[in-house]
Amino acid sequence: MSGKTLEIRHLNTSFFTQKGEVGAAKDICLEVRPGQIVGIVGESGCGKSVTARSVMGLVKYPGRVVSGEILLNGTRITGISKKEACSLRGSEVSMIFQEPMTSLNPVIKVGRQVEEVLLIHKKITKKEAKKEAAKILEAVGISDVASRMECYPHQLSGGLRQRVMIAMAMICSPSLLIADEPTTALDVTVEAQILRLMKKLCEAGTSILLISHNLGVIAQVCDYVYVMYAGRIVEQGETFTLFDHPAHPYTRGLLGAAKSLRSDAGLLKTIPGVVPNLLHLPAGCSFSPRCDSCMDLCRSEMPDMLPAGEKGHLTRCWRS
Amino acid sequence: MSEILIEGRNLTKEFTAGRKKKVHAVTDVSLQILQGETLGLVGESGCGKSTLGRLLIRLLKPDSGRLLVHGEDVTDLSDKEFGKYRRQLQLIFQDPYASLDPRLCVRDLIAEPLKTWHVCRTKEELTQRVLEKMEEVGVPGEYLYRYPHQFSGGQRQRIGIARALAAQPELIVCDEPVSALDVPVQNQILNLLNQLQESKGLTYLFISHDLSVVRHISDRVCVMFLGTICEIGKTQEVFQNPMHPYTRFLMNAILPPDPHRRNDQAELLSGEIPSAVNPPSGCRFHTRCPYADERCRREMPALQDAGDGHQAACHHTMN
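These protein sequence lines are chains A and B, in that order.
Residue numbering for the first sequence is 2 to 321, as defined by this note's numbering.
Residue numbering for the second sequence is 1375 to 1693, as defined by this note's numbering.
A hint or two may mislead.
Rough simulated footprint, nothing fancy, chain B against chain A, three-plus residues with beta-carbon under 8 Å [to be verified]:
1) 212-218
2) 265-273
Calculated Cβ distances over 12 Å to all of chain B for the following chain A residues [what the hints assert, rightly or not]:
3) Gly4
4) Ser45
5) Val67
6) Gly80
7) Leu89
8) Glu117
9) His122
10) Glu151
11) Cys295
12) Asp305
Worth flagging that the hints you see were computed from the coordinates, not collected in a lab.
We put the CB at the ideal spot given by N, CA and C, even for glycine.
In isolation and in its complexed conformation, chain A is listed as follows (with noise of 0.2 Å):
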């Protein structure tokens, strides 16, 4: 398939603290083609999330966005006013966020709250949004429609809330679905559910741009991953390549880590060192002072993205 749904291209966003500027986000540069699940995984702290909010526009102050494209569709959203970005948001892009009990308006009915999306992008009678938003709600695995249109969020489960909140975000049919930890906040079984009806709108067309730290839900959805580690891209390429050949060492940690609680070693395996402050980075490659493998290069220098083995593999590390 041609084009991109979204492209980002080196993208800086950074928190100007009372302590100085954190560079949240650090030279991001990240595609979503069509039809695609991408995930992004790291550890808290890492920049997923500010990523994922850049390219809405919802980055809160102190933090903005420095430098950098985004490109959605092909078109620059990087710079646009206030109000066309409001147009975009909700139809062209959509985002829903890990605890739908804070994202949903705890005072207004979740029916009111589907069809208010349609009403504010499009023409559209309240009869016809009404119709519409129990058609969608149907779509996502809700039973029972007519009557859980009249709860109220905190009438709802976990699972459900979760569910509306997708339903929300897909009733214009976005090109893309910004889903930030979707499933953290929910039992194991629902979590299941919800990943499967993710797969299923992205096979009805819509791409998805998945963020999460839990690399279970990653392997089992994406097509493409990208792994950050301190703000910045450390490695990205297919799923399968990925986690069957991971070439950064910090990928190497983040899975051999899960990896060994699923299998009957005494020890489990860690990363040594704790996560770096980002006021306080190391020089040269962010990761070295926590590297089995780290050379007087990798000390004073920060490598650039290189080719590892295959195709679209890419990794930040002199090693590869």
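Given chain A, put chain B in place with the hints provided.
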């Protein structure tokens, strides 16, 4: 067989939720924790696993049922009389951000339980003991006067563990101790818990919703659904040969970090956990169970033994 450390007999706990409404958190649960073992308690949110954990160390009093510590009935003791047991039964919490007082430095945080139990006579001795505990859990001694906000999540959880250890307990109830942590940090904490168990002969009740974690750390596993036990047995047994349909569905929902093993075909549980205010009649799982029949709707199944302590509460597996 090892000695029984804690035994709960027919424990039931209900909470009032508004007028005339009752949440049936734990219903008629009998459970034994053996000396030196790690018993894993799994289930989805709201299934009563935390309530059961708290009942078993008497942080909550049961509405009915008995609690025995080392074979002695402690259900009706006053809080003062229970004091001598309290020191033996400690708790680690899920959220390492909320469970430490932000205004106390590490020294004071860990000294608090030592003072409560009058372990040390002088201030110097107290500081010395705090330093020992910090070393045991892997927090560098030079951080003695730092405050919780200066630590990462993993370090905070270590401080929480040090606080629990300070009283030299026999049993620690670990209530989702690693759920808030990233996987590499989670593994560090699990390794630490294992190592402490070996060196001190501790007993753990390990509460978690994550089957992979429970599988790794537990000797025995207990699966809960809506306030009742569905299945209990040796970890290997339960994972290799699950008898209760709910246990099987839970395992189907595990997401392995391996794209070659996608569970696209696995049968998934539909629906969600029913409300504990109006639990279903009969078997509490019947509304979600594909094998449910008339009997399941009517009659609550009892735990039945399939040998070697592997028990399940289901009308169908046993027939």
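Verification of the supplied hints:
no., hint, result
1, 212-218, "holds (count 5)"
2, 265-273, "holds (count 6)"
3, Gly4, "holds, 26 Å"
4, Ser45, "violated, 6 Å"
5, Val67, "holds, 27 Å"
6, Gly80, "holds, 34 Å"
7, Leu89, "holds, 32 Å"
8, Glu117, "holds, 25 Å"
9, His122, "holds, 31 Å"
10, Glu151, "holds, 18 Å"
11, Cys295, "holds, 17 Å"
12, Asp305, "holds, 26 Å"
The earlier numbered hint that this structure contradicts is number 4, and it is the only one.
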